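K.L.:
Protein chains in written order, with this note's numbering: chain A, 1 to 289; chain B, 1 to 253; chain F, 1 to 324; chain D, 1 to 237; chain H, 1 to 404.
By construction, these hints were calculated from the structure, which means they are not laboratory data. Be a bit skeptical, because a hint or two may be false.
Within a straight-line C-alpha distance of at most 25 Å, the following computed DSS-like cross-link-like pairs (lysine-lysine) qualify [to be verified]:
| hint | chain 1 | residue 1 | chain 2 | residue 2 |
| --- | --- | --- | --- | --- |
| 1 | H | Lys120 | F | Lys76 |
| 2 | D | Lys25 | D | Lys69 |
| 3 | A | Lys280 | D | Lys134 |
| 4 | D | Lys129 | A | Lys164 |
A few chain F positions that, by computed beta-carbon distances, are all more than 12 Å from chain B [claimed, not checked]:
| hint | residue |
| --- | --- |
| 5 | Gly186 |
| 6 | Arg187 |
| 7 | Leu190 |
With the C-beta cut set under 7 Å, the calculated list includes, among others, these residues of chain H facing chain F [said to hold, decoys possible]:
| hint | residue |
| --- | --- |
| 8 | Ser38 |
| 9 | Val85 |
| 10 | Lys89 |
| 11 | Met93 |
| 12 | Gln94 |
| 13 | Asn137 |
| 14 | Lys287 |
Fair warning: this is a prediction, and the values are worked out from it, not measured in the lab. Ideal Cβ positions, reconstructed from N, Cα and C, are used throughout, including at glycine.
Here is how the chains run, residue by residue.
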Amino acid sequence: MDALSIIPIQFLHGLVYGMLLFLVASGLTLIFGMMGVLNFAHGALYMLGAYFSYSILRWTGQFWLCMIVAPLLVGAIGILIERFLLRKVHIHGHAHELLLTFGLAYIIEEIVKWVWGNQPLHVEVPAMLSGSIQFLGITYPTYRLFILLISVAVFAVLFIILYKTRAGIIVTAAVSRSEMVNALGINVPLVFMLLFGVGGALAGLAGVIGGPYLITNPGMAGTIIIDLFVVVVVGGLGSLPGALLASFLIGELQSFGILFVPQMAIALEFLLMAVVLIVKPEGLLGEKA
Amino acid sequence: MSRSGILLDIQGLYKDFRGVEVINNLTLCVRKGERHAIIGPNGAGKTTFFNLITGRYTPSRGTISFEGRPISGMAPHRINRMGISRSFQITNIFPGLSVLENIRSAILSKKGIRWSFRRRVSAMADVNRETLDVLKLIGLDTQHHLLAGSLDYGAQRALEIGISLATDPKMIMLDEPTAGMSIEETRDIVSMIDRTTKGKALLIIEHDMDVVFSLADTISVIHYGTVLASGPPDVISNDPKVKEAYLGEDKAC
Amino acid sequence: MRRSRFTWLPILLIIALLLILPKLVSEYRLNLVITMMIYSIFALSYNMLFGQGGLLSFGHAAYFGFGAYATVILIKHFSLSLPMGILIGGLAGAFLGVTFGVFVVRMRGVSFALLTLAFNQLIYVTAEKWRTVTGGEDGIAFMRPNLHLGGWEIDLWATLNWYYFVLLVTVICIGCLWYLTLTPLGRLNLCMRENEERASFIGFNTYASRLLIYTLAGFFAGVAGGLAAAFQEFVTTTFINLDKATDVLMMTFIGGGGTFFGPVIGACALTLVNDLLSSWIERWAIVQGGLFILLVLYAPNGLSGIYLSLREQWDKRKRGEQPS
Amino acid sequence: MLALSDVNTYYDNSHILHDVSLQVKSGETVALLGRNGVGKTTTMRTIMGLTPARRGRIRFKDKDIERWKPYQIARAGIGFVPEERWIFPTLTVHQNLLIGLKSEPYASNQGLEPWSLEKCYDTFPSLKKRQFAKGGTLSGGEQQMLTIARTLVGNPELILIDEPTEGLAPKIVDVVAEVIQTIARQGISVLLVEQKLSIALELADRIYVISKGMIQWHGTPEQLRSSEEVRKSYLEV
Amino acid sequence: MNRKLIFGIIGIMSLCFLMGATVWAADTVNFGVCEIRSGAFKTNGDRTIWGIEAAVNEANDQGGLLGKQIKLVIEDNQGKGEIGVQKTKKLVMQDNCVVVIQGSSSGVGGAIGQAMPRLKTIYLDTNAEAMGITGENFNPYVFRTCLNAGMHVKALANYFGTKTKLRKVFLINQDYSWGYDVAKYYEMAIKQFSPDTQIVGKEFHPVFNKDFAPYVSKIAASGADYVISGNWGTDLTQLVVQGRKLGMEIPIGATFLDDDGVMGIAREAAEGCIQANMYILGIDSDKARAFEDTFHKYSDGKWPSFVIMEAYIGTKMFIEAVRKAGSFDTDKVIKAFEGMTWEGPIGPITMRTEDHQAQSPAVIAEYAPSTKYYDFPYLKPIMTIPASDISVSLEDSGWKPYKK
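Starting from the given sequences, assemble the full structure and let the hints guide the process.
P.N.:
Okay, structure coming up:
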């Protein structure tokens, strides 16, 4: 193989990684993008998803069960966080929310190490996902394709719910004019609490899927959180298609960056973020305020 | 109409927001020392018109010139420095600062003391004296140490106008200065405006016709983003077009 | 910002206490006090943006770190004197401040926070990558040069001398920062926090003023960085990473951005808590995280906010007792 | 149906409403008149729970609602048409209506055909035409129609309408006035805030005049027509 | 009233200062440990501490050191150089520690090392391998008891150059000084053992890299027939696991595969990998078995692998040096440590006088499906290499004499 012939496969790698990033960032798009909460604990929720999944797998041996139970647990934690902590400081503004979620991230990370230990954990995925598939003359891990599938499915489901159902319309409306929605008989605090719960659950799901791939370890929250903010900001606050596009761009930027300008690869995503913020502060697909 | 003595000259002004024309071929002049009231129904574009003059918005088309120099598209602070100062319909003060600081910041700006490091503000005797003068003028000298945000509504309105006056402009623009005020408060404010703007050009948006008649020597009626009529008060109040559009043909009366 | 009831007496007392402190505490504690003083400058410079200017920055470490690298490189390779090195560290911070400021001071709120974050990360990545100059994450080690004053040579190796040197710089910096809040520009900063639009409608060029303030904040952050580098006698990428940027935010927040000396209290408190907690408890991060959360929930204006509200209540009670 | 007694409302420390008392009887159209900034909008926000009263009682259908949350008040059967209209600019007309939709009508509306989407579109043909347009692209009149329609599909028993004709062309003003009349004819109670005296006189069964946060006068349109003093001191420009 | 606040603060501050004072008993001697105990790398710090603790337990059990019981004072450096320096100052100034031990991070190690001439105390580097610590930035207060990057990869180069026919190597390393050292010294070493070896690719990826697929395809495209990586932790696990999943079958020569954390996850994917270190579990000799069992006994049933082993050996060597010096005096210990030879589990380890770099033999190991140590696949030693074969000369290590 020469350098040029790996371009298609490099594209595929970037795509898969980008979609994994989207999976983790999708919940933050709801929480940060729509509600405007600078949630630094999102990475920690994602990590919790991975660890819950590990334990459920240990007890039941059912990976598919993890994909249901772990997100529910993390979603419940998200709801508790919103109801008892974030709601109380919301009126004080961004700095307070930020610091609160910072404290939470600290605590969750330490508790995870306390409960599950400091070592990375081995998560066995079902046999049907752990192998590799041969296609177009390359060997490709089934699990990576599974990630692709789940991410696309999550995007499709979220997209339909957000833009095509009454629930989604209510969320969009509540984000832009919460007082009016409230006056139309909709319990807006409840909407926000559930939205936070869904955001948490998505983080949890991402943890279940991402854990076996990115390794369930105590560092997984800290290493991904900045990437998540980059995705949400570049895509445009609150824009799900934007987050998808940004994730894709960052995945490919990473992948081709490594191929062509390996020394610059890690700077590219921040460069992208700076340029987007300067040129189009509302993000690639964001609505102008 | 002679061009001499014209302070503010607006020709063929347009402004649209997402395709909706809010200001539509508006032409208007203000002479030196003229006291000009803008009236018109809610949503006619009066405040947008003010925002275009003072640089909050950029016109889509048309020219605005002040003392013969074009100012359309300039930044608000440059327009202010040329001698145009405005107040806002929705109280727009520095709520977390004391009343004194609110006025003093405007005085500092007027005197061009913006980035000076030589002296402390509290040691600038002239600045503080002028600030006190303005505070006395607007009747807030006894409340100067209070946070502006904690004042009652009437006092906040007075402060709002006081901030605009303090920059000592050539032309002062007041956007509904008496909105929401009681009769006594309105009387006080009007006499204060009268006193403090003597000899200056005044452009005022006002609904209260008593205020308009007591302050203005020219009235322009804005309707659908354009000037429907312009002239002395007695002419305007008898203009049938104006009656229909603004004063409303009151079938009952 | 509420006008602090500033009196000279407590300030003089504190300075006097700091002057005799070496007689009272151990050498290690003195080192801790030096750290506190340096972070006080850093936090106060941050508060020009956060508390006084109302801007939440995620990128203040860039100026701290840039100043630190400038100081170290100049002293190491060009044998600059220490005061000169620290001054140039400050100027470097200011230079970076004006460069980034051009872009960031246009932004508000979350956009501002995230653009500063992006710039901080860019500088961080540069420091990591430009190994020939910065030494990567190994950093650069150097020796704190002695201070030459006329014919005198003061040995800055000695903790005591170094302590007094840092004390002097800190007092000068805090004095400047305090004075700055009293000048027209300092007052304008508050005006812009309260209502930037109105400030521009009374004739202030808010963009340029914000830029100047951002640059000055960069200067003092650079001075703090230079001092910190001279204190540690080395500089690495942890001077410039996101942790540093959030540390200073936390210090300022914990102390309370609403008062001038709040960030100083925060810098001291966080340094102390971090040092003591991590010595006492292995899982100190849980405790520290819990403290943050409690503080955010129950003292939204920081430690100095607690004090202010206590004082207010006390004032009220006193007034209430007086027969009217 | 709705009774406010001695309601006091504050924004932070400023006292806006002073002991406001007023009633709206079932099926009645009541107008609240007054100059700018005298507390008309605040009265509506207070009823709706958006700016809760600090003191006083608000009774709606024999329930004390002054401590209720806005959504509970809305579910109890009060609809709100705010002055600012607050349509959702990024949503289509249809989606805007969907948010307000509540299918089951209230007891007091019985016998009447409930307001469904179809009925709304029939009543407001211009909205039907622009069903799939984004709310933000509508003209002022269309936005006002949408706001009223959005409240109507919630099938309220009482509807609070705040300055519906503000900034509208005279032709559209007539249309809006007609719509309000239609609503009233259906048996829905209306509390209307209006600056245009003529419209208020035409639509209202009873009128309250408010000034400086206090109810200064109340009576029938006929009484107001004949009381020049009230008009002069509280209403006319 | 302002005064009240200020006095209050002063009061609280002084209270905290008083509380921080520690009591120093005459019959104990303090060893300071400045390791990472928080954050994502806590696992490395903890395991370094296990090794140190075992050595200290062993010494205390055998009657202590110069008649005193050793007490460990452990501080958290939070993975940051400046905190490391601050804590080191505390350990020395406040706790009177005779030595400060740190191994998990080269960055923190460098920072602590350069602070030591001030504190006139020994910094014992038990497992940080960056060349600079005993090379370019050498100072006499720093002793390194583990291999350095140069020696570590030289062992690998020795194996691949002399025992295999593989001649096309791809170097993939973390993007910081350790990774650069690995790449640089492997290039140097391979020239010595098999000059015909070709470097077909060289990559540096960020620490905690998440997706290795783009690198794996680059490796595949380069036509390499083996890979050398100095990665540790998840970066190594990911390289091994993702590489295998993506069909990369060529051997990976690693420096930190003896980590049970890595092997516990990589498992079968590590088949075909080669690991080198100064000691690897499972050497079939009495001395080695005694070494492992003693450790097992004093460490609550753990095994001396990875950094645990390095910290254990390092601490034992320092204790030996103090015994030899007969004093805790820093200068005397330095004198005794320089040139000292300690009998390690696979042969003598000598402390080179000039740069304070331990000269140790090394072990090469390969994948083993089962061992007695862990319930998942681990490694088994296949050869040992004498110290002389992996030694890096002073000149090559970039050593510069210390000048104040």
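K.L.:
Would you mind marking each hint as holding or not holding in the structure?
P.N.:
Now the hints, each set against the structure:
Proposed proximity of H:Lys120 and F:Lys76 is supported: the alpha carbons are some 23 Å apart, at most 25 Å. Annotation: proposed proximity of D:Lys25 to D:Lys69 holds, straight-line Cα distance about 23 Å (limit 25 Å). Taken as a hint, the A:Lys280 and D:Lys134 pair is honoured in the structure, with Cα atoms around 23 Å apart against an allowance of 25 Å. The suggested pairing of D:Lys129 with A:Lys164 holds, with an alpha-carbon distance near 20 Å, which does not exceed 25 Å.
Chain B draws F:Gly186 into its interface by the beta-carbon criterion, the shortest separation being 8 Å against a cut-off of 12 Å. Separation of F:Arg187 from chain B is inadequate, the least Cβ-Cβ distance of about 5 Å not exceeding the 12 Å criterion. The Cβ of F:Leu190 does not lie farther than 12 Å from every Cβ of chain B; its closest approach is about 6 Å, which violates its non-interface assignment. Because the smallest distance between the Cβ of H:Ser38 and any Cβ of chain F comes to about 5 Å, under 7 Å, the interface hint for this residue holds.
Hint status for H:Val85: holds, given a least beta-carbon distance of 5 Å to chain F, under 7 Å. Annotation: H:Lys89 was flagged as interfacial toward chain F, and the flag holds, the nearest CB pair being 5 Å apart, inside 7 Å. Given hint, H:Met93 at the interface with chain F, holds; its Cβ is 4 Å from that chain's nearest Cβ, closer than 7 Å. For H:Gln94, the interface hint holds, the least distance from its beta-carbon to any beta-carbon of chain F being 4 Å, beneath 7 Å.
At its closest, the beta carbon of H:Asn137 sits 6 Å from a beta carbon of chain F; the interface hint therefore holds under the 7 Å criterion. For H:Lys287, the interface hint is violated, since its Cβ never comes within 7 Å of a Cβ in chain F; the closest pair sits about 35 Å apart.
Hint violations for this structure: numbers 5, 6, 7 and 14, all remaining hints satisfied.
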